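Protein chains: 4
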Amino acid sequence: MGATFGRNIRMTIFGESHGKGIGLVLDGLPPGTPIEEGFIKEEMARRAPGKNLMSTQRKETDAFIIESGVFEGKATGTPLCVLIPNSDQHSRDYSILKYQMRPGHADYAGRVKYKGYNDYRGGGHFSGRLTAPLVFTGAVAKTVLAAKGITVGAHIARIGKVKDELFDPLGESIDRLQKLRNHILPVLDESKGPLMEAEVLKAREDGDSVGGVVEVMAVGMPPGLGDPFFDSVESRLAHVLFSVPAVKGVEFGAGFAIAGMRGTEANDPMKFDCNQVRTTKNNNGGITGGITNGMPVLFRVAIKPTPSISRSQQTVDLASGKNVMLEIKGRHDPCIVPRAVPVIEAVTAWTLLDLLLE
Amino acid sequence: MGATFGRNIRMTIFGESHGKGIGLVLDGLPPGTPIEEGFIKEEMARRAPGKNLMSTQRKETDAFIIESGVFEGKATGTPLCVLIPNSDQHSRDYSILKYQMRPGHADYAGRVKYKGYNDYRGGGHFSGRLTAPLVFTGAVAKTVLAAKGITVGAHIARIGKVKDELFDPLGESIDRLQKLRNHILPVLDESKGPLMEAEVLKAREDGDSVGGVVEVMAVGMPPGLGDPFFDSVESRLAHVLFSVPAVKGVEFGAGFAIAGMRGTEANDPMKFDCNQVRTTKNNNGGITGGITNGMPVLFRVAIKPTPSISRSQQTVDLASGKNVMLEIKGRHDPCIVPRAVPVIEAVTAWTLLDLLLE
Amino acid sequence: MGATFGRNIRMTIFGESHGKGIGLVLDGLPPGTPIEEGFIKEEMARRAPGKNLMSTQRKETDAFIIESGVFEGKATGTPLCVLIPNSDQHSRDYSILKYQMRPGHADYAGRVKYKGYNDYRGGGHFSGRLTAPLVFTGAVAKTVLAAKGITVGAHIARIGKVKDELFDPLGESIDRLQKLRNHILPVLDESKGPLMEAEVLKAREDGDSVGGVVEVMAVGMPPGLGDPFFDSVESRLAHVLFSVPAVKGVEFGAGFAIAGMRGTEANDPMKFDCNQVRTTKNNNGGITGGITNGMPVLFRVAIKPTPSISRSQQTVDLASGKNVMLEIKGRHDPCIVPRAVPVIEAVTAWTLLDLLLE
Amino acid sequence: MGATFGRNIRMTIFGESHGKGIGLVLDGLPPGTPIEEGFIKEEMARRAPGKNLMSTQRKETDAFIIESGVFEGKATGTPLCVLIPNSDQHSRDYSILKYQMRPGHADYAGRVKYKGYNDYRGGGHFSGRLTAPLVFTGAVAKTVLAAKGITVGAHIARIGKVKDELFDPLGESIDRLQKLRNHILPVLDESKGPLMEAEVLKAREDGDSVGGVVEVMAVGMPPGLGDPFFDSVESRLAHVLFSVPAVKGVEFGAGFAIAGMRGTEANDPMKFDCNQVRTTKNNNGGITGGITNGMPVLFRVAIKPTPSISRSQQTVDLASGKNVMLEIKGRHDPCIVPRAVPVIEAVTAWTLLDLLLE
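Protein chains in written order, with our numbering: chain A, 1 to 358; chain B, 1 to 358; chain C, 1 to 358; chain D, 1 to 358.
With the rest of the complex left out, here is chain A:
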């Protein structure tokens, strides 16, 4: 029952890794919203696998078919359905996984929940492939946000042991945020890109994987959006961010570091700046009381190492009732972080647009 989310722009996703295809339905898009297929394809390509040795060698073009909701290049306002057919499945790779549960994966939890009826091939509905529909929606949302002067950008703040510098919490330029899109390993300190790549390739060589952190900034959000309590901006963003597979942590502004601060340090002093109210720090990540305060929205997301690794791992075999050692065959991402960047951006853009439409 978790297929649908959003208050003003409701997205429903569907599909399995090795079924006919995956896709989405978007409800609530303002009629006349431009659907820029070229830009959407670019965004989808940023997430698509098979581009280099840092990602799985599964070749998925992520070509999409708009089934409904678009007429003469614009959203009609009625539900927009998109299909993304599966093409390069190797179903035989996964047959052993019907009973042998991959550590760190949803296999066991999903099997209990779905009583063994779920499609276990390639992770089924739990596959990271299901993030492709999110990127479609994010691309549409970014188009609308851009027209309102809002830009969402992200960089890789960490892969394994390598850390990038962080965003200036008071705001980055639109230009810098947009240029990050052009890199497979978007970083602020360009010297860190090759180091991160080395970290990923070394893990790949070892039959292992690495995790990382993505940092996101949205500039241009007006103050006064969001709600106290159960629909705080943090609540809504965290809700969708934690729905992205492999995310294990979300922190806004100073995040966990704020726990070690005193109020004098943590509070963001306020001042008039060309008649606008701004703060001189941004430890709150642009959100106070659950509501945007006009400063850049800023947060970081922790992403775990891809659980699919080829190294031998201890696990259970539910058919035999015995403990076994499992080596996962197939094609895997040694690091999901670069492909997660456009996904994290996408759910952010979707949520910010959802807030703006109130």
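Intra- or inter-copy, both count: the list cannot distinguish identical chains.
In silico DSS-like pairs for lysine-lysine, Cα to Cα no more than 27 Å straight-line:
#, residue 1, residue 2
1, K20, K41
2, K98, K20
3, K115, K281
4, K115, K74
5, K163, K281
6, K281, K202
7, K51, K163
8, K98, K322
9, K271, K98
10, K115, K271
11, K202, K163
12, K59, K179
Rather than coming from a laboratory, the hints here were simulated on the basis of the structure. Because the structure is a prediction, the values reported are computed rather than measured.
Got chain A sorted already, so can you dock chains B, C and D onto it with the hints?
Chains B, C and D alone, transformed into the frame defined by chain A:
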């Protein structure tokens, strides 16, 4: 529009710090649920202020009146309304705050959102006082969970510079989890309690405040609860956790540290243990693919220093359009973390019960 | 789980007939909405019992206490809670009803649903008294609608055998719609009032009750509101109308009579009228494709006779497992229709405002 | 924003009459639910057009493709997406309708709502064709209900001037209810079938259309399902029934006729019958207090004449700003009622299953 949340147990909260009172409506409680007023009062008392120098001196008994939904000591199954009248307001303390925006508070964001119509006295609806209704619901939920063998416990993992040890991720005993309830500063390493208290009292002396981290564990949760994507257990927990004022970060299992791990380290190997499937580590915090896997649910929450401090701070005066220095009068918590513990436990218990009722 | 409804203005109701009180929480009111207590009291008085022999002699003033969400006479935009304390309960009247199920009432269905834990006194949460909170919300909504040129009016189209004439489907004057509020038996053909009153009093004399039909018109609704399919205006209105106790039918425009028409007769021809698009008939009741078309919104609601009658009735005794004859003591309305008029208007006004806020 | 509905089984629909196709996503189906494609095809065929002179001559096979959510013939429990490609569109038939608004249709209301961006060809998203996805869901729901002893049946109670007899409110046999499925014009009094057919063919000959009434009964529903107030069974059924295009009235049990009754007549006396509590009448249509009472759920739905008729009609031309006479070309149903029967059954089965899963 953020007053109501929950899928199977829907809570609606209302009230302002300096209005007649605050309260809640609970819809969806199973008929016959015991409403143990004694236990509820104990839980409310854990959150109530005025007990010692670590909290605000505002004396609120948080006495509650059950208006509906309880008959002969049991939940009827129809909506349960609870009123918590306000008693010890000092409204004059706050009058200057109509136009002078407190840094780190919701004042400015709320003023923009509500166009100046919101009740600014004592933070109004944004007041931490609004967490009292959450504790009521948490207490009811804990009673139901206990009958199903599920226990939620929490300790203060950090205040300012002082860190406690962390929970054993493979599980703590029910007894240890429950005993934590008896302490104003619940810690695992008892030597840390006095150090944390000193940290708080020093901040108080300085007219300042400190933040911290709360760690939560729920043992006894069965596997198979939750949903992939938009209703993952992490999504639902993070949603309510980020609705608690002052929370700026949430991380599950190994959390942000997982970003620096490799898959071999991060993955939780699985084995049969007395016919039950268990993992030998718990870096996933009991949740994989958004669904419980039978291991303890484990997470940490970052809490910012109370933004209300008596030290002079730079801010804006919306009446004069000028930058001013503000000293916040009134009675404040030098550290909200100890009082946040029962609140964090409460929203956790509520959410876990919500999951169990599916 | 049916206590909360509404997309943009969410109302939560609570309470039982013989508990401490009843009430509501309104979330989503635009900040600054005037809360006109005088007008609200007038509306509540229209619904209140005890005014004459046509209603129950239970004396309930329906005095209300605003607990939150109003500051200096205006809605703050945060949740508005209203308490309506119970005052004139005679709990002893109902004790026999714990096991003897009143025909036509929710007693048996509710007992099964709530497993015997519900408060059976006076119908508990199923009591018609729970419609008082609806009238509060309706009064607030009417104030907002009036400022936008929208008026909701209703008359009694039928009581028992006596039928009033019907509204002109092309629209009534605001003045005529508003004046209907001033009558206990609002009718278009004034000669029908005394006949209806006689019908009610005769039923009362016989220890019996009568049903009726209420017809509602809203003028001034702009075209283009509502949604196709699952959130059609008819769906949303019918949803709340069927939540009013005793409603057994809802029909829009020509309603059931349209089933006997041909398309040439049923279709509403369109024309320009002072640059506005209007129809020359209104068989669709102002709604086509689930969306308002700018014509008056028009519908009728069938209300069953009060099931509480003093005449002896056959029913079951769940304690003895035997069939018994039951005479319901206590104070009952011989006809609920007059008191239902302001309730039906109220849920209509609430829903129309909910639509307008999209 | 009305594309998604349901509490436990959430359906999202999408598509336009003349786009690529239409379809649905079903979320919340219990894992292991049999997906019987043969039965689903039979149900879809009951709704499909082109079978005889009583329906439009558009030939749509309504062949469907299951994109996700089914594995080895059973529902996986993850979202089930179904595509129904469009095949026999004649888009040129509709081009004049961009500016000339068809009376009785959603054209004008939709144009205002969607600001002219909606796909106007063939009614676009408002097309009756969008009811095909509902039938798919209904067929799946019927399979599950049947396994629980619940049967939904319907007959045509009226077409134009011809009325069938009504269901025995105390219950029809499962056999009789099921056999109704086999008829294009399902009636209880078989002599009425030919008369209804004649009524339809006469309308067709006249370039006109006729409306009707569908009566539905569900037997086997257990007592205790549903909620008071905003989620009454009547509310939820009416919500989906009024989302079916052309429905203008819904009445439960005695419906509008109950308005003319006295309580002694309207109340349903209760008695033990083989240890089960039953009523000796069923004027409440199996629902009291919004909750099922164990008697057959019984209601009637008024359906308007197809607004598309070939007779000349007065309407507006939004391009010229002038009143014009419009003759609608293309292929139309002279009576939508026979094809509405399986649709009405379908949304009923869906809603009853939704209730059962609580």
